[in-house]
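Residue numbers (our numbering), protein chains in the order written: chain A, 1 to 429; chain B, 430 to 858.
Because the hints were derived from the structure by calculation, they are not lab data.
The structure presented is a predicted model; accordingly, all values stated were derived computationally and were not measured.
Even glycine gets a Cβ: it sits at the ideal position worked out from N, Cα and C.
Mixed in with the good hints, there may be bad ones.
[To be verified] To spell it out: a stretch of chain B is covered by chain A in this simulated footprint if at least three of its residues, at any positions, have a beta carbon under 8 Å from a beta carbon of chain A; those stretches are:
#: 1; segment: 585-593
#: 2; segment: 722-731
[Said to hold, decoys possible] Just so you have them, the derived chain A footprint on chain B, three or more residues with Cβ under 8 Å:
#: 3; segment: 481-489
#: 4; segment: 494-502
#: 5; segment: 737-746
Number of protein chains: 2
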Amino acid sequence: MKPYTELTRKELLDLQKELQAEYQSEKDKGLKLDISRGKPSKAQLDLSMPMLDVINSSSDMTTENGTDVRNYGLLDGIPEAKKLMGDMMDADPSQVIVWGNSSLNIMYDCVARSVLFGVMGSTPWSKLDKVKFLCPVPGYDRHFGVTEQFGIEMINVPVLADGPDMDMVEEYVNNDPAVKGIWCVPVYANPTGSVYSEETVKRMAALKPAAKDFRIYWDNAYCVHHLFDEEEKQAKVLNILEECERAGNPDMVYQFCSTSKVTFAGAGIAAMSSSPANIADIKSKIQWSTIGPDKINQLRHVRFFKDADGLREHMKKHAAIVRPKFEEVLGTLDRELSELEIAQWSHPMGGYFVSFDAMEGCAKKIVEKCKEAGLVLTGAGAAFPYGKDPKDSNIRIAPTMPPMEELKEAMKLFVTCVKLVTVEKLLEA
Amino acid sequence: MKPYTELTRKELLDLQKELQAEYQSEKDKGLKLDISRGKPSKAQLDLSMPMLDVINSSSDMTTENGTDVRNYGLLDGIPEAKKLMGDMMDADPSQVIVWGNSSLNIMYDCVARSVLFGVMGSTPWSKLDKVKFLCPVPGYDRHFGVTEQFGIEMINVPVLADGPDMDMVEEYVNNDPAVKGIWCVPVYANPTGSVYSEETVKRMAALKPAAKDFRIYWDNAYCVHHLFDEEEKQAKVLNILEECERAGNPDMVYQFCSTSKVTFAGAGIAAMSSSPANIADIKSKIQWSTIGPDKINQLRHVRFFKDADGLREHMKKHAAIVRPKFEEVLGTLDRELSELEIAQWSHPMGGYFVSFDAMEGCAKKIVEKCKEAGLVLTGAGAAFPYGKDPKDSNIRIAPTMPPMEELKEAMKLFVTCVKLVTVEKLLEA
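Bound conformation, chain A alone:
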């Protein structure tokens, strides 16, 4: 196979006809496929079913500090869950708050509190003319949804192989007092799979923000979500809490994580960790909004995993299910597209996504073509603030949810659409 750019017009026209036929035959199958969201599959969810037995009608319902988990209380979670989630994030339990089932909700509330009440005594953002967040792109659409809802101006920062472009981050954060935050997914970033390098973390921790209420929103969603069991293939990222402290910025970071992709996406537990001063600030504010989280589900998680090692062991079972799906996606892309030189894609070692970059101006059309033939992809541009991919090039592939047979079908259709749209693009030129 020759690169498409080296084909003559005649060759392109022939190819177009061939691909159109291929596409039509796919379309005729009446497919109903979905690789749009990072959802665990049924097989993955089944892995945690035994957790539903560890708390039953004859269980001891008391925490290690003597609290009855069934009753009100413990605003920041049960001690043993603070330990478990702290270990997952490399944070001391005293720096941890464990909440309900959604880390997105925790992040949202962190932004909402800053807008309403300010951060550790600073001016509430609602009283400011302008608030900005740095948004590494491509990134997580729901992060951008949060900042957009609050009317926060979002600034694109490219994600490189080892994390966000730190020159740009430093330029903005250290000079513009309107920049109050940055969204970071340091491990197996959504959707690029990038892993922050030692240098990236150190430079992040050493920022000298113009705004004293600037915070790094460190969404460690995939910290234990390795695709491979071999340690050398697993991402190791420096401890951001420690690095910030070392750099004299102890209060600069909020870290988040959850078990949504460890146990149940709809019924896991979520947590944040930060400096003692931030945690005290947050607890002083959340005490008005709730009497405490669902502590029974926290206890259920702790009793199931015993400790963070138990949790990490459990993740190997996920990897065994998820890895072949990534291999299928990457295998298909490598085999079908690499010689054509019409696209690039990530080769992640963990997480939930493959980030695919088509030729400029092709992403929307590819997604549209796939949809017409029954394959739902995340909307083109979704991984960018305001849903606008400046190059109209990026598509996020989420391989985990469909069964393998459907995934194969989906990838076959996907590469056909990529080829067809690209050929048509080249013919237009």
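Given chain A, put chain B in place with the hints provided.
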């Protein structure tokens, strides 16, 4: 026993000595008692332990609309939980959102959203100079905590036997556009136990608010929490959603309820109901903050109760545990204090509290004296905005949590303190 006000100074001095001795002997016991919070007792929590068996590793995890409760999705709850909680509140499932474990959290978020984004397109309250809420008093301290945190001005409205003083409510709501809300507990109000009469509900529904974004915060926390099984002793309150619709104010009310005092205070499910327009407005905003609530716990509740009748049947078991405690409290107060004419108290038919009004200027001292001898009561004034009881008279008694023996001990100490503080007050006069 003669009324204290008819005693001579000499008689009061003798009585003081006697009561001081009694108090000292109570104090010497080194008691550690708590009737401060409306928390269910261990025996009540035990009633719901079988619920922990209905979802286990071999359960079908699919809702009636085919959703896997373990995965992401269903922003507004599973259909069967919307039915259950809707029936509990007399609302159609289409008017219901079911969330996590805390109705306080739902109410808080309703206020927060109004401050941040406005109500159905109105100006966000954060952009207004002044926002006011009407606060029926005595009332629920955590309601007032929410409004206080947002800097909302709180206006006291007396709670009469059949609900808030509606003349005053109409006067404020219909004339002052800064009045954006009123906190209502229509059934077995916290702490008075009052039940809103038909007339109160009808007048409430027929308000003609000066502010189009005025909402009634209808906290139906105790709608199924009857102390007596006989239907004629159970509060029946008109359906506020229907009454508002009938009065041409379909969008004027947000209703809330939860199973916190039905199943587990720390791990129940909570819900709200409102008009289709309000529900649509709220859903359009919460979609940014979460992918959905803990649906497994919702399914657990539905499978346990089957339906609202099952839930109401379950409440009879609570009543059997709680009723003797209320009888103990009221029996002691009636026996020890009624002839002395130094206090008044509610005789609730449900809910979690007895509201006690001491002689003016005595509440703080009584609470203080109880505390010195080892009995924790809710802080005097807690049932009023800003913690300020203008008469320093009201004390909230929460009888449910302690075992009966401790409750008896607590009430004995309480009446001793009431008498002693009152005698000292009369001697000062």
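Hints, one by one, checked against the model:
no., hint, verdict
1, 585-593, "violated (count 0)"
2, 722-731, "holds (count 5)"
3, 481-489, "holds (count 7)"
4, 494-502, "holds (count 6)"
5, 737-746, "violated (count 0)"
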